[in-house]
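Enquirer: Just so we're aligned, residue 6 is where the sequence shown starts under this note's numbering, counting upward by one.
Using C-beta positions, here's what the derived DEER-type ranges look like: (1) Phe274 <-> Gly93: 30 to 38 Å; (2) Pro47 <-> Leu100: 41 to 49 Å; (3) Leu11 <-> Pro47: 18 to 26 Å; (4) Phe227 <-> Arg522: 23 to 31 Å; (5) Phe227 <-> Val8: 24 to 32 Å; (6) Arg253 <-> Pro10: 37 to 45 Å; (7) Arg459 <-> Gly93: 52 to 60 Å; (8) Pro47 <-> Leu84: 46 to 54 Å.
Bear in mind the hints are in silico, worked out from the structure with no lab data behind them. Treat the numbers as computed from the prediction; the structure is a model and nothing was measured. Where is the CB? At the ideal position from N, CA and C, for every residue including glycine.
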Amino acid sequence: MHVMPLLLLVAGSAVVAGAARRTPVPAPLMLVAAGLIVSYLPGVPEYTLDPDVVLPLVLPPLLYTAATDSSYLDLRAQLRPVALLSVGYVLFATLVVGWAAYMIVPDLSLTAALVLGAVVAPPDAVAATAVARRVGLPSRVTTILQGESLVNDATAITAYRVAIAAAVGEGATWAGGIGEFLLAAIGGIGIGVVLMVPLHWLRTHLKEALLQNSLSLLIPFFAYAVAEQVHASGVLAVVVVALYLGHRNWEVDFATRLQEEAVWKMVAFILESAVFALIGLQLPIVLKGLDEYEGVSAAWYAVAVFLVVVVSRFVWVYPATFLPRILSKRIREREDDPTWKGPFIISWAGMRGVVSLAIAFSIPLTAEGGEVFPGRNLILFLTFTTVIGTLVVQGLTLPPLVRLLKLPERDTQAETLAEANAQAQASRTAERLLDELLDDERNALPPPLADRLRSVLERRRNAVWERLGTVNPVTGETADDTYRRLSREMIGAEREMFVRLRDGRYIDDEMLRTLLRRLDLEEAAAFREAT
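Could you build all of it, start to finish, from the sequences and the hints given here?
Expert: Structural data, given as structure tokens:
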């Protein structure tokens, strides 16, 4: 792709996404619709969704930013439903959709149909996160959807590789398929575990925020490439590394966190916008290969596959929700009784996205013996219609459905109380440290500045720091230097207390990020560079 079409894609998708923020329509839907319309305007270049670009260059940063914004502790608490969806459901959907397509579409081989099943099996990480943020789902439902979407791509890509090997005549077996799945899963997780500690060490030992954030931008690509190099799952490697770095992000310098947050928000916004616009722009390319099929037949196949995809998720989610409770007394004692509403929303929130299309475009043109791959164009078309159908039908109806079902909303009063308690405990910890520090003559401060340190703890607001010219005879610091150093130590004490409260599950990761950002901004104000 030339530079100008790429710039037009990024700029146009950013404009549409920005406009969507002023409307009740979710940005992914407006971007897809815009792509569909623009694809038939005269003079618009052909935008091909290249899997060699999307999978190694677009998917890793999107997974990375979604995983770092997730909560390792919350995901661990919801490990069973996340695993049942990200692994069990994807394999179930692969088989069910594949078998249904084999029965519905004449002359489509079973192996080719299973390729289609694997392609459309995984709900999309970007779509799930975008819609969950927009409609305000309960935190448990959001955690399950985010956790599923982080891992299911690895399951689907592995299932696709096994199915494609069988379809092109490479003699794939069940044993070989299970072995490849285990290699991809265990290898991807293992590589993530090996990389996460040294990468975190490097992040905490680089002294400049610019260098730390340059490293941050490289991490997802590096983890993905290393895993794929040894035929493990790059997706799982990126997710493991990102979850660890996100969980330990409080140990990084405040300037790095502030800069990193802004950088990754921009990257995610641009990539998400371009990805959804690209989905819509694929329509002319997809329709080109349907000459051998009648329009009515192709439309019927598309509707049938879409319905199977939607219904199969309900068929899996409800038993996966209630059967473990029926079979395990421990689960019944440990967890609250679920209602039918949560599983219904999880079932309806299975939007497909760019990963499915990217995998479909990677289907080889020829099979064994140089013959044309059976049904490739139809698989591509059915993938496209399924992605569009789930984004439009489910994406548009999910917000009103959430309102109609009246799911329990987040208890903002309880969250505010927890935040107040956390702030009070952190402030008391910092105040005790301040008293100890001020008793040391090396930390002597004029009374007004010492009082200001205490007032900051009470009111937690930004202030204008005074620069005094006096120098401490013991340390050689100006009073302003000592003031800022003590302020930093107090903020560090509060930060550590917040993390301990998070680790003790008194507050969640979202609240921790809110509290840490408040401290980061205050620390940035205290330590801003002189201009």
